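First residue of the sequence shown: 194, per the numbering used here; consecutive thereafter.
A hint or two may mislead.
[What the hints assert, rightly or not] Pairs of lysine to any residue residues, derived as SDA-like cross-links and limited to a Cα-Cα distance of at most 25 angstroms, are as follows:
hint: 1; residue 1: Lys228; residue 2: Leu214
hint: 2; residue 1: Lys228; residue 2: Leu392
hint: 3; residue 1: Lys318; residue 2: Thr341
hint: 4; residue 1: Lys222; residue 2: Asn306
hint: 5; residue 1: Lys335; residue 2: Phe292
hint: 6; residue 1: Lys320; residue 2: Asp330
hint: 7; residue 1: Lys195; residue 2: Tyr244
hint: 8; residue 1: Lys318; residue 2: Thr303
hint: 9; residue 1: Lys242; residue 2: Leu225
hint: 10; residue 1: Lys299; residue 2: Asn329
hint: 11; residue 1: Lys268; residue 2: Ile221
hint: 12; residue 1: Lys384; residue 2: Asp252
hint: 13; residue 1: Lys318; residue 2: Ser342
hint: 14; residue 1: Lys320; residue 2: Phe337
hint: 15; residue 1: Lys268; residue 2: Thr341
hint: 16; residue 1: Lys228; residue 2: Thr341
hint: 17; residue 1: Lys358; residue 2: Tyr284
hint: 18; residue 1: Lys222; residue 2: Lys335
hint: 19; residue 1: Lys268; residue 2: Ser342
Since the hints were derived computationally from the structure, they do not count as laboratory data.
Source: prediction; values computed, not measured.
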Amino acid sequence: MKLFFSPGTCALSPHIVLEELGLPYEAIKVDLGQKVTAEGADYRLINPKGYVPALQAGDEVLTEGPAIVQFLADKAPERGLAPAPGTLERYRLVEWLNFVSTEIHKQFSTLFNRDAPETFKEVIKQKLQGRFAYLNDHFARKDFLMGTSFSVADAYLYTVLRWTKRFNMSLDAVPALAAYVERIAARPAVKAALAAEGLT
Numbered sequence: 194m195k196l197f198f199s200p201g202t203c204a205l206s207p208h209i210v211l212e213e214l215g216l217p218y219e220a221i222k223v224d225l226g227q228k229v230t231a232e233g234a235d236y237r238l239i240n241p242k243g244y245v246p247a248l249q250a251g252d253e254v255l256t257e258g259p260a261i262v263q264f265l266a267d268k269a270p271e272r273g274l275a276p277a278p279g280t281l282e283r284y285r286l287v288e289w290l291n292f293v294s295t296e297i298h299k300q301f302s303t304l305f306n307r308d309a310p311e312t313f314k315e316v317i318k319q320k321l322q323g324r325f326a327y328l329n330d331h332f333a334r335k336d337f338l339m340g341t342s343f344s345v346a347d348a349y350l351y352t353v354l355r356w357t358k359r360f361n362m363s364l365d366a367v368p369a370l371a372a373y374v375e376r377i378a379a380r381p382a383v384k385a386a387l388a389a390e391g392l393t
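Whole structure, please, built from the sequences with the hints as guidance.
Structure representation (structure tokens):
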């Protein structure tokens with residue numbers, strides 16, 4: 194398998210999952226500005242959407258992080274990174290992946306937009322703080338999104354929460370969430386993925 198990534202983007206999530214699962218893969222860096230891979234290939238021929246992540250498995254290319262991480266987890270179900278398909282718990286996982294995607298990840302997209310007015314960015318930061326408070330309540334009671342064990346949703350949430358540092362967003366008011374970030378950061382697979390992307 195080939196994972197197409199750009200350092201520090203949401204592609205870090207499947208990168209972490211691949212390391213957690215111990216599956217063989219090749220990580221290929223993408224210049225998102227030029228839309229070319231490190232090998233000089235036109236990335237749009239791999240993923241016409243033009244963004245990362247993308248996972249090439251044989252002749253197929255899968256895009257969108259939440260889909261990719263579930264696909265990977267089902268490749269090694271014994272590792273327990275996703276509940277079995279068809280179970281209520283699997284839909285709880287999908288519920289969390291959707292929350293992270295729409296309520297956290299998508300909100301940060303505005304902050305990355307250089308053309309967005311600063312006043313609007315402040316509104317988005319306040320909205321994110323509300324989501325962080327919700328997560329803080331959750332982590333005051335549970336170690337991971339799914340309860341007692343790490344899942345692909347944790348890889349995704351950790352990935353987007355790393356962006357708080359980029360935008361000088363403090364987690365001091367949400368200590369349980371801050372402790373969660375540190376707990377995930379300490380995982381060997383997370384350290385390996387960060388090192389592979391040159392983020393340590």
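In rising order, the numbers of the hints this structure does not comply with: 1, 3, 12, 13, 16, 17 and 18
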